[in-house]
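Hey, can you work out the whole structure from these sequences and the hints?
Protein chains in written order, with our numbering: chain A, 1 to 153; chain B, 1 to 266; chain C, 1 to 258.
Since the hints were derived computationally from the structure, they do not count as laboratory data. The beta-carbon is built from N, C-alpha and C at its ideal position, and this holds for glycine as well. There may be inaccurate statements among the hints.
What the hints assert, rightly or not - Which stretches of chain A does chain C cover? Using the computed rule of at least three CB atoms under 8 Å from a CB of chain C, they are:
#, stretch
1, 5-11
2, 16-27
As the list claims (entries may be wrong) - Some chain A residues well away from chain C (every beta-carbon gap over 10 Å; in silico):
#, residue
3, Asp48
4, Ala79
5, Asp94
6, Ala96
The lines below spell out each chain.
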Amino acid sequence: MQESSGRDLAVGGFVLLGLLAIAYLSLQIGGLSVGREGGLMLVARFDDIGGLTARSPVRVAGVKVGRVERIDLDEDLRARVILDVDPGLGLSIDTAAAIRTAGLLGDQYIALEPGAEDAYLESGEEFMFTESAWNVDALVGALVHGDATGEDD
Amino acid sequence: MAGAAGQSDHVVFNQVGLAFGHRPVFRDLNLTFPRQKISVVMGESGSGKSTLLRMIGGLQRPDSGEVAVAGESLAGLDEMGLGQVRRRLGMLFQNGALLDSMTVFENIALPLREHTDKSEAEIRQVVHERLGDVGLRDVDDLLPGELSGGMLRRAAFARSIVMAPEILLCDEPFSGLDPPNVSRIEALIVQLNQRLGLTVIVSSHHMASSLRMADQLCLMRQGAAISGTPEGLASSHDSTIADFIGEDGISHLARLQERPPQGGAS
Amino acid sequence: MKAVVQILGRRVIEWIASLGQMTVFAGRIVRALMAPPTRGPLIRSALFDSGVLSLALICASGLTVGFVLGLQLYNTLSRFGAEESLGTAVGLSLIRELGPVLTGLLVAGRAGSATTAEIGSMKATEQLDGLRMMAIDPIHFVVMPRAVALTLVMPLLSTVFVLCGIAGAYLIGVELLGLDSGSYLASLENSIRFQEDVLQSLVKSLVFGLLLAWIATWRGFSCAPHAAGVSRATTSTVVTASVCILLADYVLTALWAV
Chain A
1 MQESSGRDLA
11 VGGFVLLGLL
21 AIAYLSLQIG
31 GLSVGREGGL
41 MLVARFDDIG
51 GLTARSPVRV
61 AGVKVGRVER
71 IDLDEDLRAR
81 VILDVDPGLG
91 LSIDTAAAIR
101 TAGLLGDQYI
111 ALEPGAEDAY
121 LESGEEFMFT
131 ESAWNVDALV
141 GALVHGDATG
151 EDD
Chain B
1 MAGAAGQSDH
11 VVFNQVGLAF
21 GHRPVFRDLN
31 LTFPRQKISV
41 VMGESGSGKS
51 TLLRMIGGLQ
61 RPDSGEVAVA
71 GESLAGLDEM
81 GLGQVRRRLG
91 MLFQNGALLD
101 SMTVFENIAL
111 PLREHTDKSE
121 AEIRQVVHER
131 LGDVGLRDVD
141 DLLPGELSGG
151 MLRRAAFARS
161 IVMAPEILLC
171 DEPFSGLDPP
181 NVSRIEALIV
191 QLNQRLGLTV
201 IVSSHHMASS
211 LRMADQLCLM
221 RQGAAISGTP
231 EGLASSHDST
241 IADFIGEDGI
251 SHLARLQERP
261 PQGGAS
Chain C
1 MKAVVQILGR
11 RVIEWIASLG
21 QMTVFAGRIV
31 RALMAPPTRG
41 PLIRSALFDS
51 GVLSLALICA
61 SGLTVGFVLG
71 LQLYNTLSRF
81 GAEESLGTAV
91 GLSLIRELGP
101 VLTGLLVAGR
111 AGSATTAEIG
121 SMKATEQLDG
131 LRMMAIDPIH
141 FVVMPRAVAL
151 TLVMPLLSTV
161 FVLCGIAGAY
171 LIGVELLGLD
181 SGSYLASLEN
191 SIRFQEDVLQ
201 SLVKSLVFGL
211 LLAWIATWRG
221 FSCAPHAAGV
231 SRATTSTVVT
241 ASVCILLADY
251 VLTALWAV
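Right, here's the structure in full:
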């Protein structure tokens, strides 16, 4: 029977290793969040979301703080993007949401730029300022006419 | 002896027919095996001796007719119902059929663990008693593959009787064994029959042992069986029987008849 | 001509009949799964045979595949100046396709064939009949534990394979070719999503495990009870399971895209 206890140990170790591998793949690489009581759900409306998709990252100063939960159209046929953001950040109500591209041709993400107000955004509230995705036509137009279309830069 | 008063026939074949593909094995076979007797089924290889035993265990179903064990027909039983019948049977397979991934001890303990709620100590005791019966010691932790042919057969024998069956089926128990092991197994069979009143059904083509221990002899030929006592068959004038038993068998019988039937254990 | 059609007809009928038998067999395994006792020690022992003993093969293969992917994709990507996306390319191909499929094929060759051979030789040496004569259901005692083990082992081994592959590509891309380690890991983590990629990988490998468990145990259980029958069944397990895994991979990929 001493032989079978060594075998049980090996099997236990094997199953543990496999489960850890699955956990690592899901949580670290796959970005699955477990046990987080649904983060702060915020709404942002854009004229053009470009290549943004559900699960695109949301960043503040380049640091990932959440992701795009859902994208749909509102009644005015503008894109309504629901963001799932870490609730502990304390984003002021005048925070701006902009769609940016990582690198020249990389994936698109939403960059949040915190404002100066003392009040914080609550779940379900909407961003006051948004900046749509740049598309190549707009870029070319901006270059030719020498001015940018965005509110700020 | 439980139920001995009921019928004297423990296993009954009634009009059994079976074919493998186009090759008929049994044609309307009628055969009975008396309670508490040793019956030996003999026949050339391919005559269906092993198949006969497998049918008693419900491992092979007949195409027609029925097999009844202790008055219960196997025909309508599913695997579950067959399980109930099989608990009254012990079967010694030709190659032992011990599970080769388990030690000898675990193999023999297996039916006890599965079907009884005996404690570990009780199991240990029963297994060692059965191993003692077959004359094996210090084999508990060996795997079946580490035993010699004779020891393997005896270990399998111990497993087949560990649940104290009413009927013991032995498929070619002597094949491939040296003479000492043959007489050992033969003595075991006779002893079990006499001591515990087991019904024993043996398939064999080992002439000497068969004639020595058989109360009933069944000769399988072309899908049918001729049965009777060894003496009765030998004195009949049917040429096929004489052909089968041959001069060897007749001289064996002659020698047997000179002395009275074996009394106690060897 | 008529004879050819006849043979074809007989083959088709035989094939359909065997599918029916396989379905009944699967039903018996499922029923055995529910029936007491749970066969814990036997399942553990089968997990050892098909899991622990496959681990070295899976790790070595995963690492090697990672090396190759690292080299090939780095060379291709660097033509577009997109070496930074090595993590994405390696991660996606390993997690979605190569991990589950290659693990499925490797496990079919190693543990699947061993399972068939073991059950088949138990049949050939009357061990299964021996169990039945002891009123022990061989499906419950022999087949079910091995089927459970083969099924469970697949997602575990597949994930280990994926991680070994990612590590292998890291060694080549970062350590050998000088890619920045941060950008490799970042492009990996940013492009892999749980629901589309990781879940797909796990579902695929679980389905492959089920298929392999079903085929391997059935081939063993139904083989002709002699040495030649066992060897034929073993070969057939590897061939059938491999083809089924590749077909199922296509079907699952297509379904996932819908």
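Taking the hints in turn, this is what the structure says about them:
Remark: the stretch 5-11 of chain A is confirmed as covered by chain C, as 4 of its residues place a Cβ nearer than 8 Å to a Cβ of that chain, reaching the required three. Restraint check on the stretch 16-27 of chain A versus chain C: 8 residues with Cβ-Cβ distances below 8 Å, three needed, restraint holds. Non-interface call for Asp48/A relative to chain C: holds, since the shortest CB-CB distance, roughly 22 Å, exceeds 10 Å. With a least beta-carbon separation of about 20 Å from chain C, Ala79/A lies farther than 10 Å from that chain, consistent with its non-interface assignment.
Non-interface call for Asp94/A relative to chain C: holds, since the shortest CB-CB distance, roughly 28 Å, exceeds 10 Å. With a closest Cβ-Cβ approach of about 22 Å to chain C, Ala96/A is found to remain outside the 10 Å limit, as its non-interface label requires.
The structure fails none of the hints (numbered hints given earlier).
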